[in-house]
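> Here's the letter readout for the chains.
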Amino acid sequence: DGGITQSPKYLFRKEGQNVTLSCEQNLNHDAMYWYRQDPGQGLRLIYYSQIVNDFQKGDIAEGYSVSREKKESFPLTVTSAQKNPTAFYLCASRQQGLNTEAFFGQGTRLTVV
Amino acid sequence: KQEVTQIPAALSVPEGENLVLNCSFTDSAIYNLQWFRQDPGKGLTSLLLIQSSQREQTSGRLNASLDKSSGRSTLYIAASQPGDSATYLCAVSGNQFYFGTGTSLTVIP
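So the protein lines, in turn, are chains A and B.
Residue numbering for the first sequence is 33 to 145, as defined by this note's numbering.
Residue numbering for the second sequence is 24 to 132, as defined by this note's numbering.
The set of hints was computed from the structure by calculation and includes no laboratory data.
Among these hints, one or two may not hold up.
[As the list claims (entries may be wrong)] Once the Cα atoms are required to be at most 30 Å apart in a straight line, the calculated DSSO-like pairs of lysine-lysine come out as: (1) B:Lys91 with A:Lys41; (2) A:Lys115 with B:Lys91; (3) A:Lys115 with B:Lys65; (4) A:Lys46 with B:Lys65; (5) A:Lys103 with B:Lys65; (6) A:Lys115 with B:Lys24; (7) B:Lys24 with A:Lys46.
Predicted model only: the values in this text are computed from it and were never measured.
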């Protein structure tokens, strides 16, 4: 099946730890995105990548890092510098071009314990 | 910066009713507008995509319209069913996607 796979579904982080969220797609899409969703707020863009080995900061990039070494993979690391990381994280992808349709994964819920 | 607003924030209707969800955006320079459905604790499922040159798109009981000049889109759901209960999000596409905060829909059997 073609699609976007996010793992794990649930993730728990201790104070001071870095954690990495996985996002893999087999849709052959060029562009990939990471969003954060908090209750009562719209989705906010963390990072996006339009091509391998290139990525740009979104609106709330502080405390996060990404890499794009392969077309199908766009992992997100939540670092200890992110002071309020508890949220629902969504990964998306689309074909190259600003008028193409976006597809989303099923999300990862990160909780600080 | 693009701002997207969805009204109402929540809506409760009896089964079988036709309903309209609203989405407005401040910058008309968009490439497309996409409507999504989100079930609790799940990702977003794409419902309809309207290109900036189009006026509407239909899929089954769903019809979405776009008036780019006025910065508005509507999602029309015909003959609502309990299975339609979810949060509906609209997003406009520029260099990135800009999302509204969604409309939480409950269809009462």
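> Against the structure shown, which of the earlier numbered hints fail to hold, in ascending order?
Of the numbered hints given earlier, those the structure breaks are 1, 2 and 7, listed in rising order.
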